[in-house]
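S.K.: The residues making up each chain are set out below.
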Amino acid sequence: MSPKTLYDKIWDAHVAHEADDGTCLLYIDRHLVHEVTSPQAFEGLRLAGRKVHAPDKTIAVPDHNVPTTAGRDNPDQMPEDSRIQVAALDTNAREFGVHYYPVNDIRQGIVHIVGPEQGWTLPGMTVVCGDSHTATHGAFGALAHGIGTSEVEHVLATQTLIQKKSKNMKVEITGKLSPGVTAKDIVLTIIGETGTGGGTGYVIEYCGEAIRDLSMEGRMTICNMAIEGGARAGLIAPDETTYAYVKGRPHAPKGAQWEAAVNWWKTLYSDDGAHFDKVLTIRGEDIAPTVTWGTSPEDALPITANVPSPEDFNGGKVDAARRALDYMGLTPGMKLTDIEIDTVFIGSCTNGRIEDLRAAAEVLKGKRVKDGMRAMVVPGSGLVRAQAEEEGLAEIFTDAGFEWRLAGCSMCLAMNPDQLSEGERCASTSNRNFEGRQGYKGRTHLVSPAMAAAAAVTGKLTDIRDFQ
Amino acid sequence: MNKFETFTGIAAPMPLVNIDTDMIIPKQFLKTIKRSGLGVHAFDEMRYDRQGGENPDFVLNKPAYRETSILVAGDNFGCGSSREHAPWALADFGIKVVVSTSFADIFFNNCFKNGMLPIVLPQEQVDLLMTDSERGENARMTVDLEAQEITTSDGDVIKFDVDPFRKHCLLNGLDDIGLTLEKAESIQTFETEAAQARPWV
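Chains as they are written, first to last, in the working numbering: chain C, 1 to 468; chain H, 1001 to 1201.
Source of the hints: derived by calculation from the structure; they are not laboratory data. Certain hints may be false.
Straight-line Cα separation of at most 25 Å, DSS-like style, residue types lysine-lysine; simulated pairs [what the hints assert, rightly or not]:
hint, chain 1, residue 1, chain 2, residue 2
1, C, K460, C, K367
2, H, K1062, C, K164
3, H, K1167, C, K9
4, C, K165, H, K1167
5, C, K165, H, K1183
A partial selection of chain C residues facing chain H, derived with a Cβ cut-off under 10 Å [unchecked claim]:
hint, residue
6, D29
7, V36
8, Q118
9, T149
10, G197
11, T241
12, A244
13, G273
14, H275
15, K278
16, T295
17, M415
Don't be surprised by glycine CBs; every beta carbon is placed ideally from N, CA and C.
Just chain C, same shape as in the assembly (with noise of 0.2 Å):
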């Protein structure tokens, strides 16, 4: 038998179709569904006279509209229009008899940090949603990605997704990482050599001692970001520290079961000689803390560095990084930690998770935010919320001067109360600096929660390596 990618033996496993074309009905095991990009496929079911095939594999959750301000299940907290999206899926979810986790449910949070959470999201799987955010699940080597909303009805109704198979591509992480390097910094640096479309066509496999050593927190991170390279989904072959964070989840096989998927889940890797159509490599020790400094995640420094300026690039790209740092407001040749911050935000589906507050609290011990800096931490799902106040870190954060909020996707994308104003300057833990996307001519610095806390302290984009 020739050997195989890991992403050939998920595939292989969920293929109940495939027509002479090489089109494949591609089976699949999880369907997660939020209020934004699925009403009008709910809508559609209603019309044709569909049911849901099967609501016990569908999990919905409310995210990217919810405040994240107390009082929050009074829904005359919100505007009408997001009123009527989170009433939609309300009652979608109770008609179509799908899992549900509504606002007031401690459960409830962003669906890719949700989905981990309660065990619904395991090795081996085929895991889609409405959200291009989906691939943050590969980190359990599962394949994951985003969906559109025509798509998500064709799930709802049929529990597959016509697919044609993506190409492989493996990017290694070797060796060890420098001190205050993080998972964002990867994947950063990642985009940063590979633009954001040197995925497009690909599912990429993250391998690498490096990659090895990150926590599930960590590999999600990574994978999260695989859509902003232009992958279709990002991979990571599960190991014990997938068992390890798996076990004992609400929805996570137990007993014999448990045994016997951990079996399969050991024959989840790519074989030796597997082919690979495209192979990046990148040593651990090369890689710094790193920063956006335009509207794009593939305008990624080392924070060492200084503002680029069109001339430094080809093609297309000069007048696109013209225009960002018009937007952006910033000089060629300033150095990236002269750029003064206004806004700070640590959450999302990127680095919203405990490891995530974990390592910006130990920045922000007996630390204060810079005066006149607008600070907010969102906790990425109610349960994230208790146990980072069990730990006492929202205690820091408040210390601190940080704003404490309830779970939701919040400044990531700004659907909700939570924006950057015109001018205003973020430095934030999420996954795109795209114009317009955090506020309406806001301006974001992607970094990791670290250097996000560091640079609330200090008012600057900030190298944690300096940082006191």
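With chain C fixed as given, assemble chain H onto it according to the hints.
M.R.: Chain H only, in chain C's frame:
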């Protein structure tokens, strides 16, 4: 879904690379529970000022391009979020075809589900169409999906590739779900076998 038929329309140049779905349709317009009516908000932040007035420099606001049905765009068009609101907004504006050197994967898929045709061409051909689309009133092209051809205003013919299954669905206006449900038996068989092989799922 409507059948995709051969048409002649105005092509507009959008040479910027990495036009993301946040640019195509900003988040505040995602709070709808309908698919329709988003065309007026397409490219909102580039197209309008804060007071809602039109930005006269934006290509689709120029008199020659108000009836645009073809976009000729820079590399990696549609990157970012999975929001199908992006193709909904473009389709509602009247866009039927987007041409670029590459598209983000999810956006590319979403187009076909909405009767739109994204066409990938090599750089030199996109450059040629970009130049052609800068001719204002004269920037008219014909797109023939059956023959897989774009004919420029000068009569040059450019061939393009398209996945045969997707072409078939577009030309016939076929509903994916209906097609898949014809294979319900295969899905059922898969589920029975998977339940034995991986009962924990």
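S.K.: Taking the numbered hints from earlier one at a time, note which ones the structure violates and give those numbers from smallest to largest.
M.R.: Violated hints (numbers, rising): 2, 3, 8, 11, 12, 13, 14, 15; every other hint is consistent with the structure.
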